[in-house]
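Chains as they are written, first to last, in this note's numbering: chain V, 1 to 306; chain W, 1 to 328; chain S, 1 to 342.
I should point out that these hints are in silico values taken from the structure, not numbers from a laboratory.
Idealized CB from N, CA, C, for every residue including glycine.
Incorrect hints may have been included.
[Unchecked claim] Each computed DMTMM-like pair below joins lysine to aspartate or glutamate, with the alpha-carbon atoms no more than 25 Å apart:
(1) S:Lys69 / S:Asp310
(2) W:Lys99 / W:Glu47
(3) S:Lys69 / V:Asp129
(4) W:Lys210 / S:Glu273
(5) W:Lys314 / W:Asp251
(6) S:Lys137 / S:Glu117
(7) W:Lys209 / S:Asp272
(8) V:Lys214 / S:Glu157
[As the list claims (entries may be wrong)] Now the stretches of chain W that chain S is said to cover, found in silico as 3 or more residues with beta-carbon under 8 Å:
(9) 102-110
(10) 189-200
One-letter residues, chain by chain:
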Amino acid sequence: MFLFIVRRIIQTIPVLLGVSLVVFLIMQMVPGDPATLLAGEGATKQTIEMIRHQLGLDRPVIIQYFDYVVHVLQGDFGESLRNNRPVLDEIMIRLPITIELALASIFITVVLGMLAGIISATKQYSAADITIMIVALLGISLPSFWFGLMLIYFFSVNLHIFPVAGWGTFKHMVLPALTLGAGGAAIVARMTRSSMLEVVRQDYMRTARAKGLKEHVIIYKHGLKNALIPVITVVGLQFGALLGGTVLTESVFAINGLGRLIVDAIRTRDLPMVQGGVLIASVIFVFMNLAVDILYRYFNKRVDLN
Amino acid sequence: MALQLVDKKILLNVDHLKQYFPIKGGLLGRTVNHVKAVDDISFQIYEGETLSIVGESGCGKSTTGRAILRLDEPTSGNIHFGEKDLLSLGKKEMRKIRKDLQVIFQDPFASLNPRQTIGQILNEALAIQNVVPKEERKARIEELLGHVGLRPEAMDRYPHEFSGGQRQRVGIARALAVDPKLIICDEAVSALDVSIQAQVLNLLKSLQKKFSLTFLFISHDLGVVRHISDRVMVMYLGKIVEIADKKSIFDNPQHPYTRALLSAIPVPNPVHKRERIILTGDVPSPIDPPSGCRFHTRCPFAIDICKSRVPELKLSEQNHQVACHIID
Amino acid sequence: MKKQFDETILEVKNLQTYFYTDEGISKAVNGISFKLKKGETLGIVGESGSGKSITSLSLLGLIPSPPGKITGGSILFKGEDLLAKTEKQMRSIRGNEISMIFQEPMTSLNPVYSAGEQIAEAIRLHQKLGKKEAWEKAVEMLRLVGIPSPEKRAKQEPHELSGGMRQRVMIAMALACHPEVLIADEPTTALDVTIQAQILELIKSLQKDLGTAVILITHDLGVVYETCDRVAVMYAGRIVEYTSAKELYNNPKHPYTIGLLNSLPRLDMDQDELTTIPGTVPSPFNMPKGCSFAPRCAHAKPMCHESVPDLLTLDKNTEVSCWMYTSQWETDHTIIEKVGIE
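Model the full assembly from the supplied sequences, consistent with the hints where possible.
Dropping the structure here:
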């Protein structure tokens, strides 16, 4: 197990390098010349060349890339083109907020999703099952920003239970977490349901019954631990959607998080910020996946992930 | 019906075949060890005979079959089919050889594509090898179905409409479709009920006579093996422990494992007496097989040399080879 | 060496288990009766579709319902009808007074819990022992079933054990509470022949030590001969022959039994062609009127297709469900050839 973890960590290195390369190439592929854009209209060729030299854009691409990587490893992500503040600092202010939001959403996704899935599976074809599955289908199909706006409309504007926007208190977290987590919860619910249905048919469940165990012990003790295995994979895959979803949710609820930062940076062509934000987000994603792999391996020691 | 082997042609010659499956581990996922599924075996199959490979799970019998078919590439060794060196053939040439080298699998429920009709399955076999021109294929399919005891109407039905025994017949028809010389039966009747098994075994025997087929019959069931074989080869943990013609093996088994195997089978016959040898313990792992004779850890007769030296297959009587230090 | 069994511990009368599906009603078990005496081994033998597994599941009330339902008959265990008991009462019997082991040791143990935990769970449940004592008893059971280093093995998960060992764990789990009846549903079918011999020996010796009665369900006639005292042969949901094991081989009566014995490839002699039983087992959705074996029977007369013969007692030990052995047989003057019984 330990060797497995070490091996997977080593395997993340080429992934991270690849990510950094792609992120770096954003700079190269953006239409228009950053130096020209920066210099503004009516700038002389000399000014543009000076700015280009200042930004180091006249060096060979490979050198630029290595330079970039070296700086990143030292924590220097460059400065924002908008306000010249260090990119890393700007990200770090907002990152904790996004992480809080993400964790709250995962809580919704996993707990709500799994409970719904278990109820569905154990009462297959009942009214509860059909209702849950229809709701889950809606959850996957409805756009999250629309869902978020609807939640705001009903619960904030009309019923005044939750604040309309912003971040800070527990109440602020509820609607955004629901918005972000609903899609995932729906997928987890369906996955849990089908996984439980499969587990319930397994021979070892029959053995448990033949031992004289009570039904709920059989389902929760014997069945659930096995049913969780594919669900963990699904939850892991949800991280990608989660990180992307923070962008929309933070915009709808006006939350000052990483997602919104990246979106604004893209809009204003603040390339170092975009690079830094995407790189940080990718690193988080890679390590989240690693955690899921390890968790999966813990639950299912017979699987060889090589 | 004893087969005179002296002047028969060798159809398949297996020489020092090894099949090792790598196990990855360690920090960088390197190959740390191997599953020695087949560990240096050599044998021949003569034209027109049925050679059975018998043994328990993990002995390497199925792996041997798959290696011959190159479904898994052998780690080392030589396989000659007729004149051709099988392992040196490229993909294109190998595909041509497959016309002569067919297989029937164990699971009648998994080996037929559920989305194809029986007719389509058989047609595909005929088309791949181009055995008959397109116009004649339908007639040939009807003929094949007749050979295996199925009605021509079966052509338009799907596998799930048939029972296990009938699907196995389709599997046989598919193997027959291309006029093969050698058919490898990998546990072909193991998944069938006893009474169906009897029907399919009778069918295989009659087809062999009709079409001069050669069978390599892989099975764990010694009763079935007795019924259908001319010669029998017993494997244990990747090695051959005994090869002999059928009568010899059943009347006079020599290797302690063969004797234990035969004695372990419950026989519903009050008259049939045999000494009971019950082996202790489980089969060792093929990853780290015991040194010397693989069987020495469970052998009631093991002596010192058994632990250190690998016994060779030696002729002990006519048409009877055994790999055992005690017999020497 | 004739064994004498006196006390009847389990008596099944006219058990009927049907399955109600979209394709119709499947009469999986269609009226069977048998007795099990204390310490005896009863074999239920039949091919796939005979209903033998459904019978064993019915005894413990493990039929998935829907779509299955026990629609008739009674199962008397120590005088009380199990079919009249509540689910709670059945739960205290399962694993405790009547235990069951299954065919696939690979999948019948929960892969995420250790062997010891799965055995200890049964002990804690029925014998109300504490965690530590239950664990110790579980280790003892592993020792009893012949697993070396039981303390170490108890902590291992099923995937770390071989097929033979897993089956031993199943046996340990089933016998942990010293049940009076053990139902073994094809316990050795998925195992290698040499391991099979070990497991059968084990069941036999444990049975002797613990006085457990065993119902052994199998399709392997050889296994039945070597391990059972009495045998019930099932075909298409009914018992067609019910007699002692020795008698079954020396003197089989029902044409199906005879056909089955003849189609076995013999280990002791050569046969050119195996005798087969023509045709196939009838679909449980569409049972023929009359004797279910009649369509495949070489001796069938019109009366066979009309009505089902009752289980007729031929002598103290043998019962057969076949018109051939009734007094009405001779009065039907349709000329048939009587095939000698081998």
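Structure-based check of all given hints:
1. S:Lys69 / S:Asp310: It holds: about 23 Å lies between the C-alpha atoms, which stays within 25 Å.
2. W:Lys99 / W:Glu47: 16 Å, holds
3. S:Lys69 / V:Asp129: Holds: Lys69 (chain S) and Asp129 (chain V) sit about 24 Å apart, inside 25 Å.
4. W:Lys210 / S:Glu273: 15 Å, holds
5. W:Lys314 / W:Asp251: 19 Å, holds
6. S:Lys137 / S:Glu117: 11 Å, holds
7. W:Lys209 / S:Asp272: Distance ~12 Å between Lys209 (chain W) and Asp272 (chain S) Cα, so the pair holds.
8. V:Lys214 / S:Glu157: 23 Å, holds
9. 102-110: violated (count 0)
10. 189-200: It holds: at least three residues are needed, and the stretch 189-200 of chain W offers 7 whose Cβ sits within less than 8 Å of chain S.
When each numbered hint is compared with the structure, a violation occurs for hint 9 only.
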